[in-house]
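Asker: Mind docking chain B on chain A? Use the hints.
Read top to bottom, the protein sequences are chains A and B. Everything in the first sequence is counted per the numbering used here, starting at 1 for the first residue and increasing by one. Everything in the second sequence is counted per the numbering used here, starting at 1 for the first residue and increasing by one.
I should point out that these hints are in silico values taken from the structure, not numbers from a laboratory. Fair warning: this is a prediction, and the values are worked out from it, not measured in the lab. C-beta atoms are modelled at their ideal positions from N, C-alpha and C, and glycine is treated no differently. Treat the hints loosely; a few may be bogus.
As the list claims (entries may be wrong) - Selected chain B positions facing chain A (Cβ under 10 Å, derived; list incomplete): (1) His8; (2) Leu15; (3) Ala19; (4) Glu30; (5) His78; (6) Ala189; (7) Leu244; (8) Ala272; (9) Gly275; (10) Gln299; (11) Phe303; (12) Phe422; (13) Ala424; (14) Ala562.
Claimed, not checked - Beyond 10 Å from chain A on every Cβ pair, some chain B residues (computed): (15) Ile49; (16) Val211; (17) Gly248.
Unchecked claim - Here are the computed distance ranges between Cβ atoms for each label pair: (18) Ala220/B - Gly382/A: 47 to 55 Å; (19) Asp97/B - Pro430/A: 23 to 31 Å; (20) Pro430/B - Arg169/A: 34 to 42 Å.
2 protein chains.
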Amino acid sequence: MTMSQLSHHEVTVLLLALAVLLGAARLLGELARRLRQPAVIGEILAGIILGPTVLGALLPGASVALFPREGPLALVMHGLTTVAITLFLLVAGMEVDLGTIWRRRLAAVSVGLGGMIVPFAIAAPLAYSAPVAWGAGPEQPRLVFALFLGTAMAISSLPVVAKILIDLRLFRTDLGMTIIAAAVFNDLAGWIVFALILALMGHTAGAGLSVPETVGATLAFVATMLTLGRWAIDRVLPWVQAHLSWPGGVLGFVLVLGIASAAFTEWIGVHAIFGAFICGVALGDSRHMHARTRETIDQFVSFIFAPLFFASIGLRVDFVASFDLVLVLIVIALATVGKILGCVAAARWAGFVRREAWAIGVGMNCRGAMEIILGLLALDAGLIGERLFVALVVMALVTSITSGGIIDRVLGRPKPVRFWTFAAPRTFIPELLSHDRFDDAAAGDRTLADSGVDPAQAAAAALARERVMGSGIGGGVAVPHARLPGIAQPLIAIGRSAGGIDFRAPDGSPAKLVVLLVTPAEDPTVQLRLLSSVAEVCQSPHTVGKLTDARSWTEFLAALNAAGAAG
Amino acid sequence: MTMSQLSHHEVTVLLLALAVLLGAARLLGELARRLRQPAVIGEILAGIILGPTVLGALLPGASVALFPREGPLALVMHGLTTVAITLFLLVAGMEVDLGTIWRRRLAAVSVGLGGMIVPFAIAAPLAYSAPVAWGAGPEQPRLVFALFLGTAMAISSLPVVAKILIDLRLFRTDLGMTIIAAAVFNDLAGWIVFALILALMGHTAGAGLSVPETVGATLAFVATMLTLGRWAIDRVLPWVQAHLSWPGGVLGFVLVLGIASAAFTEWIGVHAIFGAFICGVALGDSRHMHARTRETIDQFVSFIFAPLFFASIGLRVDFVASFDLVLVLIVIALATVGKILGCVAAARWAGFVRREAWAIGVGMNCRGAMEIILGLLALDAGLIGERLFVALVVMALVTSITSGGIIDRVLGRPKPVRFWTFAAPRTFIPELLSHDRFDDAAAGDRTLADSGVDPAQAAAAALARERVMGSGIGGGVAVPHARLPGIAQPLIAIGRSAGGIDFRAPDGSPAKLVVLLVTPAEDPTVQLRLLSSVAEVCQSPHTVGKLTDARSWTEFLAALNAAGAAG
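Next comes chain A alone, as it looks inside the complex (with noise of 0.2 Å):
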């Protein structure tokens, strides 16, 4: 039985092991969203804490116990972090919009060489001149390393910055949609270039290959895939769709071509991930390729697998042991200047105003995934020591995380309203008695008394603007308004009306959903903003229904967030 089973205590460890993972990656991943980060930092820092950096000090044999570095259990977990990240770059590789590139290929192009070159220009040449000093692994060859640092430097995350572009409402404008394209440019274009110095390594080529010709591999697989693959794609996807069973064929079909085209990448030398990567980009730029069924496979990936990796690379290394705070500050400067500098000044030739400029260099800034993989590749070739390892985690860590709220001040746009935001659970209705709405407004009312407002007061300008014309906004819903002097801040209350009320909606339907805004007199635009939240979250008649079926102030909350409505 040596070597071929599991015990039953290895058994044991392995699923205690990935449930503690899973569930400390997914608790401190939501903890890092409330504080409005990426998810990815929250599951990095929940492997630092399980890891030798904490637990590892604090308790060595827990921490070796449910995550031994040797042994069964070890090779079990890079199996399965080896595949969890195959599928994550599979499903970045899909986010990934050819057309959307194409499109605006002049700004794309000129922003995504620019943030590639001035930063690869500074770096590589310093690395050149001294890898030791910078952390370089023992007997690298110099120009493999400078090749190596420079791309690090250069690189963007495509989905951390969609992520950012999407919290600020900015990934459908024009400012968004440029950031993306040149991201995709910059992490297509950073992968072949960083594949190539994996197979200028040369130690990985399983096939046997010579470096040319592993180069030359290499070359012909993306081009293959982005031609023919992509055709070929395009063409098979309806067939799977039309007579396999729905939605395991596509699933499948995409799992075996993405897994398929990893381990061929991995054959010839460069890493796996490479080509589930362009297999994805070949995948999601089908037309055939349904929202639900990226869906599906990006649910299971973002939430389940990709946690279970970042977090495993928290695992890796001691990040107090090799902290270097002077390599620390160095890199994030480098890697800072070189980006920004290179994008503000590509985007202000491609025709952007200053402001949106640096916007665009601010959010090419943030590193994110990519670069924690790149660096994590780079630590298991042995190409770089855990201290410039470390320094490029923390570097990631920090532009991903300054980048969103940069953008925002550089753009000095307004914060989203979210008319929930000033509602609380006493101040949600679950069941209006009245059935008239003017009744009703003054129900609403009663219960923000203890907020300080005086509800006569609110309710007589409520209904003086219920008077003038019906708050009824159609689709069973009613937004009954009043501004006051002297409030602080808004205060929303949300009702519940099974029988429904009339608030004379253009529609004619009677409001089963409520909701009252009182707002500060002195601030009119907040109350057209909060106007125009009810009327964006109820635009859909399932989330109407949804809302009106939910019971409690939690339920409410669910349902709103399952309508996608709460980022």
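Answerer: Same frame as chain A, but now just chain B:
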């Protein structure tokens, strides 16, 4: 680096093996589905072909290189398939509806008990009297072996039963719900007995518990999970859905809880999958568990993890070398006779008429996945040899393959008619040119000409029918139809009209999707059944929209498939 990381060669082989195994399992699973069989049959077959039985006999080098039976990759595969089967049982548990059992408790408990006691009472004494002839592992206590074989004959397979009932459109009927309730009871009881057997064997107890302690801990775990655990989950789920990201929060919660439960039961000395199953029952019972979340987990597990696991079973054993025809026949006979007799008697006692009692008996007889998992656990534990394992697998496959067809024959029901099975690529008209309903009926007919139907005659008949009453059924769909004498089978043409054609629908909507039915005059019912098939598919506006968007026959089929119409 020894034993702590997979080499690049091993990563290549791992990914290639996963791609090949998953690809073959999915393909043969689809083939099984085509032949109206459960997918699990094709999936196991894929493993048999790639493992020692076929590929190993033809090209021993290839099979062992891809799926080594020892070394790091064997360990990683074991780890991966352990996680896969754990998640599969978690999902299977989530399908259990405790409310259904409770509402049909009399029938469920009597059929469930009858279907367990009779086969157990027949098989256990036989096994006790001659364990070695049955293929017990050497040095196993004959009492434990007898308990195992009795349980193996007595268990049913909830997921396969449910799948067959859905395929037969019996799931929501009284009969179907009774079978499901009985199968759930049977599953629950069978797994608890099996957990006790594993505990009796004693050698798996990681916690160092004595046998009575393990038994006690198992019962305590079940009782706690199904009362306190169920209550707590129902309280925590709404909070998770309201405050964590969607659907990542609930996905992570479900998986972490399931894997942690699995680790716990593995630790107390029963198998991991038992904990996952019971945890699934507790989770699935919450009314806060959204259908969409279930679906995402279910799709990934059913179409990715389950195929990988079942295919890996085929890799384990040489199904030709260990095939013992006499033993196979005896096991099939014993399992089938005991199970059917027990269930039929109990169902008759509970008040079902003879036909229905037999349908229940045959339905409960299908063993499917559960039997195979149980056999594998017993094989791993050394309780049975490969000969008996193969016999159990073959018995599970045979009973699963035959059940659906026999139920159909016992109940004497007609097969459901699906309108698109009578259409073909050349009777699909992507763009109808006419804008008048009479012209159009004729245009549709012209495409039928090469099927030997006289277009003029068909057009005249459809027009005559059309003049009596417009054939628009509303929602943008029209179903002009005609009966003609002398044609062998129904002929159907499907046309799209971007502008819409007025077919006098009750809702006044112009038809953008026109389905022309020409049916044999000799068979009046087929027309009605085809009309109702069109109406059933087209009752969802979303589906009609997707069908209308389809620009080719393949895309049309894909839209039907995505709508869940094609099973």
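Asker: It remains to establish, for every hint, whether it holds in the given structure.
Answerer: Now the hints, each set against the structure:
1. His8: With a closest approach of 5 Å, the His8/B hint holds.
2. Leu15: Status holds, d = 4 Å.
3. Ala19: holds (4 Å)
4. Glu30: Given a least distance of 5 Å, the restraint on Glu30/B holds.
5. His78: holds (5 Å)
6. Ala189: Check failed: Cβ of Ala189/B comes no nearer than 24 Å to chain A, outside 10 Å.
7. Leu244: At about 5 Å, which falls below the 10 Å cut-off, the nearest Cβ of chain A leaves the hint on Leu244/B intact, so it holds.
8. Ala272: holds (6 Å)
9. Gly275: The hint holds - Gly275/B has a Cβ within 10 Å of chain A, the shortest such distance being about 9 Å.
10. Gln299: holds (5 Å)
11. Phe303: holds (4 Å)
12. Phe422: violated (17 Å)
13. Ala424: Because about 13 Å separates Ala424/B from the closest Cβ in chain A, which is outside the 10 Å limit, the hint is violated.
14. Ala562: For Ala562/B, the interface hint holds, since the closest Cβ of chain A sits about 5 Å away, which is under 10 Å.
15. Ile49: holds (16 Å)
16. Val211: holds (15 Å)
17. Gly248: violated (4 Å)
18. Ala220/B - Gly382/A: 47 to 55 Å: With Cβ atoms ~51 Å apart, the hint holds.
19. Asp97/B - Pro430/A: 23 to 31 Å: holds (27 Å)
20. Pro430/B - Arg169/A: 34 to 42 Å: holds (39 Å)
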